[in-house]
Every structure is written in C-alpha cells, then in structure tokens.
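Visitor: If you're matching them up, the sequences are chains A and S in order. Start counting the first sequence at 1; every next residue gets the next number (our numbering). Start counting the second sequence at 1001; every next residue gets the next number (our numbering).
Where hints are given, some of them may not hold.
[Claimed, not checked] Derived DSS-like pairs: lysine-lysine, alpha-carbon spacing no greater than 25 Å straight-line: (1) A:Lys3 x S:Lys1003; (2) A:Lys112 x S:Lys1112; (3) S:Lys1100 x A:Lys438; (4) A:Lys100 x S:Lys1389; (5) S:Lys1195 x S:Lys1220; (6) A:Lys389 x A:Lys438; (7) S:Lys1195 x A:Lys100; (8) A:Lys198 x A:Lys220; (9) S:Lys1203 x S:Lys1220; (10) A:Lys220 x A:Lys203; (11) S:Lys1198 x S:Lys1220; (12) A:Lys389 x S:Lys1100; (13) S:Lys1438 x A:Lys438; (14) S:Lys1438 x S:Lys1389; (15) S:Lys1438 x A:Lys100; (16) A:Lys220 x A:Lys195.
[As the list claims (entries may be wrong)] Listed next, with one range per pair, are the computed distances between beta-carbon atoms: (17) S:Ser1342 x A:Ser229: 24 to 30 Å; (18) S:Lys1100 x A:Ala230: 44 to 50 Å; (19) S:Arg1396 x A:Glu297: 41 to 47 Å; (20) A:Ser419 x S:Asn1030: 58 to 64 Å; (21) A:Val423 x S:Asn1030: 39 to 45 Å; (22) A:Arg157 x S:Glu1297: 35 to 41 Å; (23) S:Asp1232 x A:Pro47: 20 to 26 Å.
Derived by calculation from the structure, the hints in this document are not laboratory data. For each residue, glycine too, the CB sits at the ideal point set by N, CA and C.
Given next are the chains, with one letter for each unit.
2 protein chains.
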Amino acid sequence: MSKPTPISGFPEWTPSQRMIEQYVLDRIRNTFELYGFAPLETRAVEPLDQLLRKGETSKEVYVIRRLHDDEQGPAGDDALGLHFDLTVPFARYVLENAGKLQFPFRRYQIQKVWRGERPQEGRYREFVQADIDIVDRDNLGAHHEAEMPLVIGDALRSLPIPEVRIQVNNRKICEGFYRGIGLTDPEAALRAVDKLDKIGPAKVAELLAQTAGASEAQAKACLALAEISAPDASFADAVRALGVSDPMLDEGIEELVRVVETAAEHSPGLCVADLRIARGLDYYTGTVYETQLRGYERYGSICSGGRYDNLASSGAVRFPGVGISIGVTRLLGLLFGTDALSISRDVPACVVVAVTSEEQRAASNRVADALRRRGIPAEVSPSAAKFGKQIRYAERRRIPYVWFPGAEGAGDEVKDIRSGDQVAATADTWTPPAADLKPLVS
Amino acid sequence: MSKPTPISGFPEWTPSQRMIEQYVLDRIRNTFELYGFAPLETRAVEPLDQLLRKGETSKEVYVIRRLHDDEQGPAGDDALGLHFDLTVPFARYVLENAGKLQFPFRRYQIQKVWRGERPQEGRYREFVQADIDIVDRDNLGAHHEAEMPLVIGDALRSLPIPEVRIQVNNRKICEGFYRGIGLTDPEAALRAVDKLDKIGPAKVAELLAQTAGASEAQAKACLALAEISAPDASFADAVRALGVSDPMLDEGIEELVRVVETAAEHSPGLCVADLRIARGLDYYTGTVYETQLRGYERYGSICSGGRYDNLASSGAVRFPGVGISIGVTRLLGLLFGTDALSISRDVPACVVVAVTSEEQRAASNRVADALRRRGIPAEVSPSAAKFGKQIRYAERRRIPYVWFPGAEGAGDEVKDIRSGDQVAATADTWTPPAADLKPLVS
C-alpha cells in the first residue's frame, strides 16, 4: 500500500488538536445546556429535493448512492444528499415530529456538515457546526432574538480564544428603510448591500442601480444606512436622522434596540448594532447575527444566524424560529493555523505505570486500576524495558508522572518527570495536583 | 411543504433519547481516556479504492459526488465513499501520519459510519461506533490483546445496561488446529465454522467438506473444537484433550490463556473463552472478541474486534494492531426498543425562572444568569403568562423547579413542582439537591 495523502477540504486534526477540539466542544455544549437547550442529532442525509429548496446552495450538495445500486438514478425522487447545514434538517425534523415536541422547542445540535465548495483558508468541505435554535408554533416572542447573543457570548467567552464581537442587524430595518425611500425590490437591495465589504461602496451603488432600480439619491441613502454602527441604542437615533419613515422600519428598530440593550447589560462590549450586516440567505426575516474574531476579521464571520419565520410550515401551521451557528472547524482551523491554541500533553494519561518485568505486569495493571478507579488516567508501560526507556515513553507524550511499583517488601514510588522529584506513594491514596489531572488547554 | 417521513435505516433519536446517548458516549469516552487512549476523528470519506480493499463489503459502500460535478465519474480514481467502519480509516491515518505519531499509538474514535445494507432490527445504514485500537511499529506486545477486554468491561459496566459477556478466541488456535488435523485451507474452514450459530453443526460439517475438503473425522474435530467454552484457562485442557499438536496452536492457546486470566483477575465473569467465535473479517490474525448483552443474545454481538497484523503496511514497515468497537447505535436501538433506558427529564434545565411581566424580563434574566454562573442549568419562561401556565411549561418538560422573582421589596421564592414545596431563596446561594442538578439516566 503506497502512502496515502490528504484530501483537500477534508481536514483531520492530530490527536492533540482533537483533544483541544473536544475541550472546545465540551465548553460550548455545557453553555448550551446551562441555557436549557436540549440536544438533537439528525441523520447526515436528507432527500435531495429538501436540500435543493434553497436554490443558491444546490451546487454545493453532495449526492450519495450505493455503489452497486445501478437501478437507482442518482438524482431520482428518492435520491439522498449530505446535509450542508443544520438548519434545513432541523426545520424538517420539527415538521416531522411536531406532534411529539413541546413548543417553544429549544435545541442545540453539534454535527458535521458537507459542502462541495472550492476549499480555501477557513473554508472546508467537511466541517463541524454547533447550532442553537428556538422554534415556536405560530408565534415566537421577539425576546428570543435578544437571548441568542447571550448564549453565544457565554459560549465563546468560555474558550481560550481572542475576543469576539457579535454584529447584529434586523432585516425589518433594511426592508422597511428601502420601502420607505421608495425601492420596490428590497430583496435585491439587500443582496447588493451584502457585498459592501467585498466590493466597496461605489460598486454597491452601481449594483443598487442595476439590480434594484435605485436612483443616485436612493443608493446614497442605502449606503448611509449601511454605515451606521453603534455599541448601544444610539444607532436608532442615527437611523431616524436619515428621515425615513416606515412601520416595518420602526418595528425593526425597536427589536434591535432590545437585542443591543439586553446584550449590553449581560456582557458589555459583546454586541454592536452594525447595519451593513445582511446575511446572504433569503430566509431571514428579523434579527441577523455575524461574529468577528479579533485579529481574524478578514476571514469573515465565525458564528452567524438570524430569525426565520417561514423555513418550516405545514399547511396553515407555521414554525417561526431563531438560530445561530458556531463554525467550530473554521474557528479551530484559523487558531491552529497561527498556533494560537496549545495543550499541556499529547494523550489523556496522567501517569505511566512502569513494568519491572513481563512477569510483574499484573502488579502494574493493579496499580493502574487503583488510579483509574479514583479518576486518574493511567497507562501501563507497553514494555518492561529499562526504566530510562519507560520514562522516555512518558516524556515523548508529555505525560507528567511515572509510577514505579516497589519490589517485594518495598513500597511504590512516583516520579514527576518534569522536576525529577520522586516520592513514596500508594495507588489508593496518591493524587496529582488538580492542574495535572487532565490535559490543560491554553 | 408536506409532512416529511423517516428514511429507513437512518435512525433519529428524540431529544430525551439523545440525552441518554450523550450520557452513554460520555461514559465510554471517560473510560477510554482513563486508559490513556488519545482521541482521533478522521474525515467521513475515503478514496473508493481504499474502501474496496476488503472485497466482501463493497456492496455496502455509499459513493458521494457533487451534484453538478458532471465531469467526474462517480467511480473514477478519485471517487470518494463514506467510511463503513473506523478501522480502515484508522489504518490509513496511521500510514499517512506514521512519521508524526508516537508508537505504540493508543487511540479511540467515536464517529458515525454508513453501510448500505438492508435495514433490520439492530441493523442500521447510519450508526455510531466507539472504537479503541493500539498499533505499534513492526511488533505489538501480545499483552495488549489482554488489555482490550479490561477497557471494554469497564466502559460497558459503567452504563445502566444489562450484564455483558465478552467471548474471546484466538485465530491461531483455529488455524493451528486445522493445520494440525491436516486441513490445507484453514481460511475456508474458519468461514464455515463462523456460520455455526446460523446454520447448525450438520450444515457446517457439510460446508467443511465442500469448501475446505474436510473428511468426516476432520469435520468432527473442527466441531469439537468449536464446542469448547470455559470462563477460565481450563479451555486449554479441553483443547489439548483433542490430541492435536501444532506450534501455532500452542501459541494461540498461550495467548488466549493470558487474555482470560487477565480478565478474570480484573472483572470476574466478564470474559469467556469461546472457541466458536471466528469473526467474518479476513484480516484478524490473533485474539478475536465478540460481546453479548444478556437478554439480547439473538441480535448478535454489540462489541467486536480482534488483532490484525497486516491491515497497515508501507513497504517493509508493518503496523500490527489490536482493536475493538462498541456498536453504540445498535446497543441503544435494542434498549430503546424495550424501553430499558429512561431519563428523569426531557431537557437539561433544572430551573424555569418565571417572568412576572414582559417589562420585568430583565430581572428574570439576571436570576437565570446567577444560577448558570454556579453551574445550574436554567431557562427563562418564554412568556409572562399566568404563573399556572408557566408552571405547566416546566411540568411538560419534567423540569423540577420554578423560580419566582420577588416583587419590589419582596424576596425571590423557588418551588419544587413535584412536591409543591415553595421556599424563599436567593439566586446567588440556592443550590438544588445533587440528584436534581442534571438529568438522571437509569
């Protein structure tokens, strides 16, 4: 077998990196559960027609088929594709199980998703997302839109990563404003303004004229709105100073004030109202969120979402929702790329129990057992080589302690191989310092 | 959108079941880490030619392709398929990263795998496996084969499930014995004996004659070997009483004695030497494991594996390994099917903080925040409805406590809605009984 090579866009972390990823996922999950979100995991596949409901992402879908299933066309009615996000499967799950769920339904979901996009830095074809959503039947209280940044702020601030800033906007502000200045295709205007960071104001003005039929004055007004940014409710005064009046605009301002003020009380500096944030996806209808990681702004948002009123509906029943998604793989990929995260050892073990001779392996097993029963991760040395070699086994993995079972009559000893200190110990009572028990992420 | 329906073979647990699954996975992972196994996660896809190296499973492979990737034939050289187990990807990972890994390399891996088999009870097309493996370069100590059942025994016995019994055998015993009685195709004999449980001894004898060229006496000897079963080293006497002599047979007996005796010291009753266990896969070369769950024996093994010497090799370098895999989805599917597992509530929240009026929501947020900061999962009521309705919100989710923020001047109170007891409390000090903090699985 020749040496295999990586597949572009399908990242694989080293075991040490995977330990860091697990630490990050555990922290995120813990925060989600502290806020009462229940876990959900959906299957990796969805019917292709479900996945293609949102036209613009269809090119990214991976279709699956059984290798020898010749009779089944790959794009037939019953064709399956890998999900490309966790929102579409969640909306499907809610519709499928609405009769069994309690509403409002708060769930989190941490899973891999797949997109056949061109791989580039911070973009993958297989990656992990960590989502929270709240859906209700018929109506969803707007206060849930203010709750999302609290959860995400707590989750991300529990991690050893740079500061984050959540940028919030409200689709109703944009749509109401565009209507208020007389534009008839607010969706087109939204898509044009969404490109502001990429192509700059002059090109956006052109695009507004071309695709949304905006006059020069209208384009200028759209750009003026997009330039408004404030860490508090003062954004509302800036919007009103533009002199546009529309009921949907007022509703959007009121909702966004609530989001910003709730966040300011909970976590000062976490949220900023940034009226250029639009989110490309058509299905958002209220608050939208993006998140920048300080020092990595050029790679785009690491955590995004928004309110959607029309993603799931069945006959006359609607299930409006609000959700947000942390791009865990993207976040870790950026931080691993700059060596911004490290871990104190390469394996979970805190102790290597040395083996005096193969005949004495059972004695070493008993020591390891006694340690494990008290929650101390321990390996037994793979060989009864000279102790120097067994110590190097621990050193190469940065395992801090080596345990030496005593010869007959003599007691056991344990050595801290970093300091060289070696002390008498018994496996039923010895406890490492708390900082040594588990690998430390920093 | 019409109501979606489930896809056969792709199970989805309810949020309550998912909480149980997470509890099970956390326990398994904790045991794996106590034994010093490092975590690894590999991508979901492998090159198709890698997946097809083991001929007999090719029919089960799912191929993936990008929907609009017309130029790429689905079965071309660079075609990708979803992995159907975690052993093949692990062997590939070891070869790809051998220069960066420390050997022996102990890793665990808990991931979904996919097989396009016909779905039936206890069999799925998408399911979770929890694997441990130890690989070394060139040589792997036989004592690692004795370590596997200790880990699995601890992992499975930490779960609220029926008793398990690990059945062990050693390929060298079978192969050495078959050679010792003069059979020239021990692989064929192994495959025939592997069908013993399914087709019975008479049919196995026929098959031995047809496919392995066995005489009546040889077939009888093979069946006599397969009938041997003992919870201790006495199986070795029973084998020797059959009067067959072969060096490989002796080696296998010695190794299996070690496995059984190590297990007996660690966990009496956990392991039994059962010489009919063969495992279908060709790549095993030493100890093999299967695991029965008491009361669910007819559904087959829930945890299997073995030693493999030739799965990963690159030029002159070999990486022999031993591994075992818990079929988590199969295990849970069986237990969910008989309602053998339950959980004390349907969401993680321990407390619902009531909302007196929408204007007072910020006060309720502050209470919830104070509770969360001390690790107590808390939701804020989604509406400021009458308190009776807010209590029913908690009841329907079996959340044990409802918190009532005091009106101005008055203190807060918390109600245990199971007993009806309501007491004065402050969010900075109140603590629920330990048994109420997290959902309890039983």
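Visitor: Each of the hints needs a verdict: does it hold here or not?
Guide: Right, here's what the structure says about each hint:
1. Distance hint between A:Lys3 and S:Lys1003 is unfulfilled; the C-alpha atoms sit about 48 Å from each other, more than 25 Å.
2. A hinted pair counts as satisfied when its Cα atoms are at most 25 Å apart, and A:Lys112 with S:Lys1112 qualifies at roughly 10 Å.
3. A C-alpha spacing of about 23 Å is found between S:Lys1100 and A:Lys438, which places the hinted pair at or below 25 Å, so the restraint holds.
4. As the CA atoms of A:Lys100 and S:Lys1389 are separated by approximately 19 Å, the hinted pair is consistent with the 25 Å bound.
5. Distance check on the hinted pair: S:Lys1195 and S:Lys1220 sit about 15 Å apart at the alpha-carbon level, within 25 Å; holds.
6. Proximity of A:Lys389 to A:Lys438 is assessed by CA-CA distance (about 24 Å); at most 25 Å being required, the pair is judged to hold.
7. Proposed proximity of S:Lys1195 and A:Lys100 is contradicted: the alpha carbons are some 43 Å apart, above 25 Å.
8. Between A:Lys198 and A:Lys220 the CA atoms are separated by roughly 18 Å; this keeps the pair inside 25 Å, and the hint holds.
9. The suggested pairing of S:Lys1203 with S:Lys1220 holds, with an alpha-carbon distance near 12 Å, which does not exceed 25 Å.
10. Taking the CA atoms of A:Lys220 and A:Lys203, the gap is near 12 Å; set against the 25 Å cutoff, the hint holds.
11. Of the supplied pair hints, the one linking S:Lys1198 and S:Lys1220 holds, its CA atoms being roughly 18 Å apart against a limit of 25 Å.
12. For the suggested pair A:Lys389 and S:Lys1100, the alpha carbons sit about 19 Å apart, so the restraint of at most 25 Å is met.
13. Distance check on the hinted pair: S:Lys1438 and A:Lys438 sit about 22 Å apart at the alpha-carbon level, within 25 Å; holds.
14. For the hint pairing S:Lys1438 with S:Lys1389, the CA-to-CA distance comes to about 24 Å; that is within 25 Å, so the pair holds.
15. For the suggested pair S:Lys1438 and A:Lys100, the alpha carbons sit about 23 Å apart, so the restraint of at most 25 Å is met.
16. Restraint check: the Cα-Cα separation between A:Lys220 and A:Lys195 comes to about 15 Å, which is no more than 25 Å; the hinted pair holds.
17. Between S:Ser1342 and A:Ser229 the Cβ separation comes to about 51 Å, which falls outside the hinted range of 24 to 30 Å.
18. The given range of 44 to 50 Å is respected by S:Lys1100 and A:Ala230, whose C-beta atoms sit roughly 48 Å from each other.
19. Distance hint for S:Arg1396 and A:Glu297: a CB-CB separation of about 44 Å, consistent with the stated range 41 to 47 Å.
20. Checked against the hint of 58 to 64 Å, the pair A:Ser419 and S:Asn1030 fails, with Cβ atoms roughly 28 Å apart.
21. Between A:Val423 and S:Asn1030 the beta carbon distance is about 28 Å. The supplied range of 39 to 45 Å is therefore violated.
22. One distance hint, 35 to 41 Å for the beta-carbon pair A:Arg157 and S:Glu1297, is violated here, with the actual separation near 50 Å.
23. One distance hint, 20 to 26 Å for the beta-carbon pair S:Asp1232 and A:Pro47, is violated here, with the actual separation near 54 Å.
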